[in-house]
Amino acid sequence: MGISTDPSIDQIIVKIGGSSLAIAEHFQMAYQLYHADKRRKFFVVSAPGVGAKKSNIKYKLTDLLISLADRYETDHYGNKAAAVEAKGLEQYDKNSLESLVMQIFEEMGAFLGSANPANPVREQLQAALNDFSSSDSRQHSANVQRLGEAFSQEILYQLFKRNGIENVKKLSAADFLVVNGGNPLDGVVYLDNTLDNLRRWKAGSNFDPECVYIVDGYNGRTVDGGVSLLARDGTNKTQVLLAIGLDIQYCENISDVERIFSVNPKLVENPRPIESITIREQIELSARGCGKVFQASALSLMQQAGIYPTIDVKSYANADKTGTLIVYTRNHYETPLVGIGLREAVTNITITDPTMADTPGYVAKVLEQIAQMDINLLHMRSGENQITLYIADDSYKGKFRPDEIVSRISNNTGVNSNAIEVEYNKSILGVIGEGIDARLQHKIQGVLLDNDIRMLPYVDSSSVSVYFVVHREDAKKAANVLYNAFFKQDEFHLSIDRWWNS
1 MGISTDPSID QIIVKIGGSS LAIAEHFQMA YQLYHADKRR KFFVVSAPGV GAKKSNIKYK
61 LTDLLISLAD RYETDHYGNK AAAVEAKGLE QYDKNSLESL VMQIFEEMGA FLGSANPANP
121 VREQLQAALN DFSSSDSRQH SANVQRLGEA FSQEILYQLF KRNGIENVKK LSAADFLVVN
181 GGNPLDGVVY LDNTLDNLRR WKAGSNFDPE CVYIVDGYNG RTVDGGVSLL ARDGTNKTQV
241 LLAIGLDIQY CENISDVERI FSVNPKLVEN PRPIESITIR EQIELSARGC GKVFQASALS
301 LMQQAGIYPT IDVKSYANAD KTGTLIVYTR NHYETPLVGI GLREAVTNIT ITDPTMADTP
361 GYVAKVLEQI AQMDINLLHM RSGENQITLY IADDSYKGKF RPDEIVSRIS NNTGVNSNAI
421 EVEYNKSILG VIGEGIDARL QHKIQGVLLD NDIRMLPYVD SSSVSVYFVV HREDAKKAAN
481 VLYNAFFKQD EFHLSIDRWW NS
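Number 277 in the working numbering belongs to position 277 of the sequence shown; there are no gaps in the numbering.
Since the hints were made in silico from the structure, they are not lab data. Don't take each hint at face value.
Claimed, not checked - Calculated lysine-lysine pairs in the DSS-like style (CA-CA distance at most 30 angstroms, straight line):
| # | residue 1 | residue 2 |
| --- | --- | --- |
| 1 | 266 | 87 |
| 2 | 58 | 292 |
| 3 | 399 | 169 |
| 4 | 399 | 266 |
| 5 | 443 | 488 |
| 6 | 476 | 397 |
| 7 | 87 | 476 |
To be verified - FRET-style restraints, in silico, Cβ to Cβ:
| # | residue 1 | residue 2 | range |
| --- | --- | --- | --- |
| 8 | 90 | 167 | 39 to 47 angstroms |
| 9 | 397 | 365 | 17 to 25 angstroms |
| 10 | 484 | 225 | 52 to 60 angstroms |
Glycine included, C-beta positions come from ideal geometry on N, C-alpha and C.
With the hints as constraints, model all of the structure from the sequences given.
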């Protein structure tokens, strides 16, 4: 059910992605969202998605802050904090990076005149940078990196005040969101503690249901009081946690993406947008390179809590319309399939050993080596005497050669290196939908075979997905033939019976 047709919705949480806050005018559009519908009581903001236009700064503010923190950590501790630096930023020293950050602060907040939050945020940045002379470098890096969201929060707060909205407050995610203290740059949410904090706040005297709250996503607080970033998908996690903890049933997730599409637009021209998708389907789809605007890490929090607010994924340009609804359940008899996912660059490692089934802990030892190398395991297929590991190329290339991976597995597990075979240039192709069963799987496989797509055996199949391994040079063709067969029809109501009987 869309927002305009459901009178039971009395509050809405809006998350505004960084790409939707690319210029000052976009902040004004955020205020217009509230003006158009006063049920929008919570605004969770990301850092501005691009740099300053007048100053011709093309880098995202968060990327600049990550590199700036990295330079300070390198100066004080001799080690780099940032795992990945945005392309082009390696040419800048810390003074140049700091200057670029300050220019963005000044330019993006200039439309507020004397209320420009550049000065207070600049002071917070200087304090965080000065703290690098003390211990715990990653904690100080987190304090620097969180300031992009703090800047967006301050701009939107001042904009509401300037437009005469007096009942507006800033709410820091760190005030309620509890995370582990292991890595301040990649915190893991303590769900029960976080929800307890939110429920106590709602039940107390400080909560005002008529107030507008501007929330800086992306950061939480450890049990000992330190700041910890949520890193990947942080503002989406913040939105979901607010909805669960405050019992708010509807969330709008606004970015520059109009909807979630049935296949990556880089693979298929003008793919069909998805009207509704279940949480399980969206987790599968986003993990396979499609629908990444709302990723699995935020949705998994709903599954852990057993509470499922509706997520409406839409763009600024169509904020008054319903986008793609992420829901708990949908009518999958009418539309058994929702999308196609593709992971293009994959390497297969197959181990064949007749002693495997009789050796307790055999596979666990192999997986332990993969984990210690920090390699992303996408899938695993196993038989009595054989396992195949499917790993993402980008998780090992640049760190290990394939022969080094084989040697490490062999040397640390006792597996004979001759029993390990490596295959390159593979892709994992997935078809996703709650209505998949054996007969529909057979139909999907038949479409691929009829179009001369070379396949290895199934990687995985379930009630929500089926995956095949294909040669990488066939991957884009495979995605297109499946799209044309199952998604391109003018009337997109593919009943299971229709496909069974065709």
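So, going through the hints one by one against the coordinates:
The straight-line distance between the Cα atoms of residue 266 and residue 87 is roughly 21 angstroms, inside the 30 angstroms bound, and the hint therefore holds. For the hint pairing residue 58 with residue 292, the CA-to-CA distance comes to about 23 angstroms; that is within 30 angstroms, so the pair holds. Between residue 399 and residue 169 the CA atoms are separated by roughly 46 angstroms; this puts the pair beyond 30 angstroms, and the hint is violated. About 28 angstroms separates the Cα atoms of residue 399 and residue 266, which keeps this hinted pair within 30 angstroms; it holds.
Proximity of residue 443 to residue 488 is assessed by CA-CA distance (about 16 angstroms); at most 30 angstroms being required, the pair is judged to hold. Between residue 476 and residue 397 the alpha-carbon distance is near 22 angstroms, which keeps this suggested pair within the 30 angstroms criterion. Annotation: proposed proximity of residue 87 to residue 476 holds, straight-line Cα distance about 27 angstroms (limit 30 angstroms). Hint check: residue 90 to residue 167, Cβ distance near 46 angstroms, so the stated range 39 to 47 angstroms holds.
Our hint of 17 to 25 angstroms for residue 397 and residue 365 holds, since their Cβ atoms are close to 24 angstroms apart. For residue 484 paired with residue 225, a C-beta distance near 56 angstroms keeps the hint of 52 to 60 angstroms intact.
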